[in-house]
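Trainee: The listed protein sequences derive, respectively, from chains H and U. Taking my numbering, the leading residue of the first sequence gets 1, the next gets one more, and so forth. Taking my numbering, the leading residue of the second sequence gets 1001, the next gets one more, and so forth.
There could be a bad hint or two in this list.
Sample of chain H residues facing chain U (criterion: CB under 10 angstroms; computed from the structure) [to be verified]: (1) Phe72; (2) Pro185; (3) Gly191.
Here are the computed lysine to aspartate or glutamate pairs in the EDC-like style, where the Cα-Cα straight-line distance is at most 20 angstroms [stated by the list, open to error]: (4) U:Lys1486 to U:Asp1367; (5) U:Lys1281 to U:Asp1176; (6) U:Lys1486 to U:Asp1473; (7) H:Lys67 to U:Asp1176; (8) U:Lys1551 to U:Asp1058; (9) U:Lys1443 to H:Asp189; (10) H:Lys67 to U:Asp1470; (11) U:Lys1486 to U:Asp1470; (12) U:Lys1550 to U:Glu1251.
Pair ranges (Cβ atoms, derived) [as the list claims (entries may be wrong)]: (13) H:Glu74 to U:Asp1484: 25 to 35 angstroms; (14) H:Met234 to U:Glu1439: 53 to 63 angstroms; (15) U:Glu1439 to H:Gln184: 34 to 44 angstroms.
Hints were generated in silico from the structure; no laboratory data involved. Note that the coordinates shown come from a computational prediction; the quantities given were computed from them, not determined experimentally. For each residue, glycine too, the CB sits at the ideal point set by N, CA and C.
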Amino acid sequence: MNEVSVEALYCDDIIKNIKIEGRPMKRVGLVRFVFAMTLLAAAPLGAVEFGVSLSGGVGFWNGEWNKSVQTFSEDFSQSVTPSLCPVGSLFLDATFRQKGPLLLSVALGAGFWGGRVISSGGTAPDRVSSVAGIGLDLVPTVGLRFPAGKAEFGADLRVGLGLLVSPLWTIDAWPTVTGSAAYQPQLVDLGYFYAGSSLVYGFPLGDYALNVFISGDVGIASFDASSGTKDPIMLMRAGIGARLSYDSSRKKRAYR
Amino acid sequence: MKRLIPLTLAVITAFLSSCSFFLGTPSGGANADGPAVTRVPYSGNFTYDVDTGSTARDVFFVFSASADKTSYEQATVASLSVDGLRLPVPTAPKMPKEFGANATAAQKIADFNRTALSKSGAGLGIRALAFPGNVTSPRAYIAGSDTNDFYHPDTYIPNYDATCRKVVGPITVASDSTPRTLIIWVSNVEWGTRITQPMVDALADRFLKTGDDNDIYDWLTKILGPEWGTTSYTNLIPHTGDVHILLTDIEGDASPNGGVVGFFYAVNNFTPGTYSDTNQKIMFVIDSYMYANDTSNAGSWSADGFWPKEIFSTLAHEFQHMIHFYQKAVVAGAGDSADVWIDEMCAQMAEDLLADKMGVPGPRGVDYTIGSSGPANNTEGRIPIYNQYSYLPLAVTDSGSFGLLDYSTAYAFGAWVARNYGGAAFLKNVVCSAYMDKEAVEKAAAAGGATLADLDSLIQRWAVSVMGSDRADMPVGYVYNTGDWKTSTVNGSTYKLGSIDFHKYLPYDAYSGTYGQTPGPMYLTSSGPTSNLSASSNVYYAAARSFAGKKSFEVSLPVGVTMTVVVR
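Excised from the complex, chain U in its bound form (with noise of 0.2 angstroms):
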């Protein structure tokens, strides 16, 4: 019993001097070189301490805004800070309860579309009523003698003068069996002038031809299915088959360099008892200045020069609008289409992934053969401005808040969730739901194989995943970059997806139209923005730099947001 004494005692020093017994500091694993990650479970003011060791590492702290706007009622007064360096406090994204006066013609657009249908006075009632439908017979257009004077989607007035100069089809499509036709207008004083006849038809030829899964209608209604239909709503126009394009200077600022490229406006899908300005036709419109920029191909236009490819880019981006608008609303019977970032962000997704097929860089920014994450330095696609600003909300609902800088967002996460949760069947179970708010986005994201699905989670998961998207062995649900490109197949087609590394890019100030030297997103440090933060949205602080041994923080967490350890 003597010898047990001593012997009970040296066990217990043992376990109470061995550091590494108390800590459980594991030997390695599989990548014991990767990134450090982890979650921290609480809010309030806590110490967190790091300590790397002899090797210099980087220290981040990501912290991500609930979406869930009630959250923030009681976190106002908290203040989200660290070692006294006050961060972006979360605050509510503003809701006006009426749509804002001062709002572009493309905001007011993107509004009308977002509850166009309900606003019409459809519901169940007229729909219930309206059977057997309102198909009709196409009319013949001719190129070159048919006119129309298009209502200007701001000025309520037809003062789109324009010409019809290609009619396609009809094309049986193999989304519905039923012919397609497209019919292209140009504006009047665009024609001859800046708008040509070849300008035209390339156009044509991208949009809709003859064969199967050769053009951006059939790639994109593959995944979507079709853009209009037979509809027993006796205030939408009947379907003929018909899909319109107009070319003309939106908006009339004569800019070849930038501006709205685009729009779907749904109030065209209307009869004029419902709404007087509308243009009675499955149309979008496509700016003629950018479209006719040959700056980049020393003054002669050619299809292949950076804006046609833009215009082409955007074709698929206003094409996903009308299909999401009649899918969402109509067909997966919502009454509405969904929130402006979601079908914002579904817009680029479709880009994103139409982007090869296209011969486009698409909002990726990188050239379509490739499909690695490209070059270093890239200034090109959507990235370059969320790299700038990247601490900005993903959902924001308000089509009058919705800005050229949340489009940037909007496709960084977009691409992620592709890029994770099942590609272009991602896309479509995000179109054709009946959910029109983050839950489309939730479904979908379950759907696709994520397990903690939930919007907030998302957001979280995607930082990490903009922080780690430099490495190619991140693992499944943080994946941005594979070193080559990620396939997913929808009704026989497949769809690629390109690797995205956020570090290549360099950020771009939309402000004084300057880019960073800096290539990555952006951290905040002591010098960074102090402005809040809002719902649903992910601010990177930058701890400590190349930075060796143990260092403490104070950090300071209101409720709602939770703080996410990256050390690499």
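Next up, chain H with everything else stripped away, as it sits in the complex (with noise of 0.2 angstroms):
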């Protein structure tokens, strides 16, 4: 518990450094948060067991491409929508389960952002404009888990320490012409976090498992496709996904 504490501190601090100084979350203070999750993660708790999970969804994406697409579309007559660019993940995580509903896991994987702007009137052709970057996240999580017949649910929290691994791809799309870049963004920028939570129903298959969710999170990152900000922007993602996971204990365990 006294490590949970320790948790409520570095929040208080995330919380402090965001109303106060009204600036992105501090680094160090995330970094030492997110590895504090995961050491708390990893520790022998209990049963443990592996999974894998893939989850697609919609993404949203606030920052300077967005400004930057929003006033070249208007400056072109063009109404603006704010839209959701198709995004996914693909995770493998341990789980550290003990009797009673507390688990504890940490994953990595690939996470996969994105945002979108729709052009449209005008006399100009119609226009989708997508962003997207490709992250590599560690993920520790803390989640409940209750027992419903053969099967159980629960709830997750989660934080996110990642790294745009991919280039920054845009994506200008009109109904006959395609139009994409690949863009680099400065080492210094390429860490995000994030936070997230997920419902989850999950149920037995011999000695797997297999989880289904419904999952959101929301990020803050200073990698943009804009050229001379620093601003940071928002990311969020929600989306449904399955996780396959292997206790080779559940058997004895069962679920209740």
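Fit chain to chain and form the complex, with the hints in mind.
Mentor: As structure tokens, this is what we get:
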């Protein structure tokens, strides 16, 4: 519980930074927070299961790129509608469970972030502009699971520490033409942070278990497609997914 | 629950495998076949891919260098390139601390006009002390008898011996409800041998005559206000209502086919105590050789000939300079005139706005009765030179560097802002403001409805407009060509601007004196010029012609240069 208190303290720091300074969260504090979560998740608290999860959904991107596209489109006499971009993620995780509802896990995987703006009207052809990037994420998670017959349901809270490993792609699609660019942000701008939650429903399949979940993440990053600005951008994604896990001790434990 | 698993996986797979879903390809729009235009919002090294599908398209990149000179301090190490082809690198335009000794008379005049008032020491203190102003009674000039030795602007000695050949007025004008008198002088050596009374009468008739809204004076002062008036500066000459035009061989070059067609020299607005070589007249000078050139009329001079029409257009041009100096430096209180590129842009906008009224092609180079973009392979007006030198900078602030080619750049830009941001009102807003640099243009564009009115954005939008000028359906803010006249009204007078299609003008090489074979602006290719790219300029790069399929480009874009992609 002391360690939980430590988490809470860091959370307070983060909130304080956001409210008082009005700037992005301090990276050092966040790194320490994620590190602490990782250690927590890796603690030998009980049975260990290994899983792979795949999710897909939609993403929202709010930053200089949006402003740039919006400004250009409006200048081109077109109306602009922020839209959602298809995104997804693939993770491998190790989850530590003990008797009781609490579980802790740490996941490593790739997350796909993106955003979209639709420009229409005026005398120019409609245009769909998208921005996307793939990051390598380390994600400690704390969750609760409750039995429901042979199955179980629960919720997860997580924080993510990510590193953009792909170029930043921008895509402009017109009815008959597509233009795209692959841009490499500066090294110091590649990192990002996010927090998210999931609602999970799981059921056993022999030594395996299958979870389906809906999830949402909100992140802050400093990479963006616009030059000359370092303002933080906000990333969001929401989707559905499935996780297949293996636990050699599951037969003994089973779901109640 | 077992059914939920495959269903979920099927949905995810469908999402991931749907290319159109990922790209979000739109179905169309009002103009699905229109040019695809986008702005690349970043700099650095990146790959740009274009996929035109099965339809052959032209792919262009436009590189726009910021007008902010300071932004290039760190960019000179970076090269602008596409697929390894090095394009012009942005650098700041040369800004000498002192005006160049090798400048031509015309350049010296332009430089003087820009700072005449502040150089004279007529600061606020003098202005405040000078009240009640410098009004005086006009003297009476008599045609055929009054003579004057005018100072030559380059030699600073009075060697234009001239005689008054025409007096028109006094005529009460609407601009300030006071009388104006036009006095036309002709160099004695020109009189009878080259310049005749019908020529003088024709010139006077175009500039000032009885009646409202029927001459260059009325048309331009309705937009900009009067050319002179009562001031509180003691070193400016009094307001008499006289406007003088001198017909002489400017520069003594005896050239009937080009050179300096006319000039306004603000030194003449000052008292001798301020500038010793002043003629103490509100005046401008017109070249006699070109006005008398009758080669286009089989040896008989006619006011409908090519060069007389050029001269009539020049009346509007120089008159704008005259008004500009007074309205900006004195009335608006700027203390000086605008940067040379702005002053020359305004002068050509005045020509453009008055062309149909004057019955001349004007800088557009199209018959004044035609509102559409005119004939193909046009070689007239200012645009042929712009098409040849499309990469030259716009905001040339150094008068000593402003030359023939820069007139075309200034006109091309001025023609665009006028057609998009208020027409005659835009001109008025530039001239009658206290701003002397690019801010004058930015404020006027904003007043005319531009949402992005900073000069960098205007320059970028201007380039796209040039490329889209063969279409009559370009969005607001990108219009050169509506297929007809575009009108604007100021103080009850309506002004018309004809359509322009840059792809109907052949490029003109001013050094070799030859026209290119392919109409349209200069597109850089692998054989294009590789000199430095100046601030406030555009480089048009033809990335692919009649191309179908997918193609990748490796682009290196320095900070301060923006890239616009146009696929058409």
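Trainee: Within a Cα-Cα threshold of 20 angstroms, do Lys1486 of chain U and Asp1470 of chain U meet the stated pairing?
Mentor: holds (16 angstroms)
Trainee: Hinted pair, alpha-carbon criterion (20 angstroms max): Lys1550 of chain U, Glu1251 of chain U. Please report holds or violated.
Mentor: violated (57 angstroms)
Trainee: Quick check on Phe72 of chain H please, does its C-beta sit within 10 angstroms of some C-beta on chain U?
Mentor: holds (5 angstroms)
Trainee: If you draw a straight line from the CA of Lys1443 of chain U to the CA of Asp189 of chain H, is it 20 angstroms or shorter?
Mentor: violated (36 angstroms)
Trainee: Holds or violated: the 34 to 44 angstroms window for the beta-carbon distance between Glu1439 of chain U and Gln184 of chain H?
Mentor: Check passed, 36 angstroms falls within 34 to 44 angstroms.
Trainee: Going straight from one Cα to the other, do Lys1486 of chain U and Asp1367 of chain U come out at no more than 20 angstroms?
Mentor: Since the Cα atoms of Lys1486 of chain U and Asp1367 of chain U sit roughly 15 angstroms apart, the hinted pair holds (cutoff 20 angstroms).
Trainee: Verify the interface restraint on Pro185 of chain H: the C-beta must sit less than 10 angstroms from at least one C-beta of chain U.
Mentor: holds (9 angstroms)
Trainee: Check whether the Cα positions of Lys1551 of chain U and Asp1058 of chain U lie no farther apart than 20 angstroms.
Mentor: Within the cut-off at roughly 12 angstroms; holds.
Trainee: With 10 angstroms as the cut and Cβ atoms as the points, is Gly191 of chain H at the interface with chain U?
Mentor: This interface hint is violated because 19 angstroms lies over the 10 angstroms limit.
Trainee: For Lys67 of chain H and Asp1176 of chain U, compute the direct alpha-carbon distance and say whether it is at most 20 angstroms.
Mentor: Between Lys67 of chain H and Asp1176 of chain U the Cα gap is close to 48 angstroms, so the pair fails against 20 angstroms, i.e. violated.
Trainee: Falls inside 25 to 35 angstroms, the C-beta gap from Glu74 of chain H to Asp1484 of chain U?
Mentor: Holds - the Cβ-Cβ distance for Glu74 of chain H and Asp1484 of chain U, about 27 angstroms, lies within 25 to 35 angstroms.
Trainee: Take the C-beta atom of Met234 of chain H and the C-beta atom of Glu1439 of chain U, compute their distance, and say whether it sits inside 53 to 63 angstroms.
Mentor: Violated: the Cβ-Cβ distance is about 34 angstroms, outside 53 to 63 angstroms.
Checked against the numbered hints listed earlier, the structure breaks hints 3, 7, 9, 10, 12 and 14; every other hint is satisfied.
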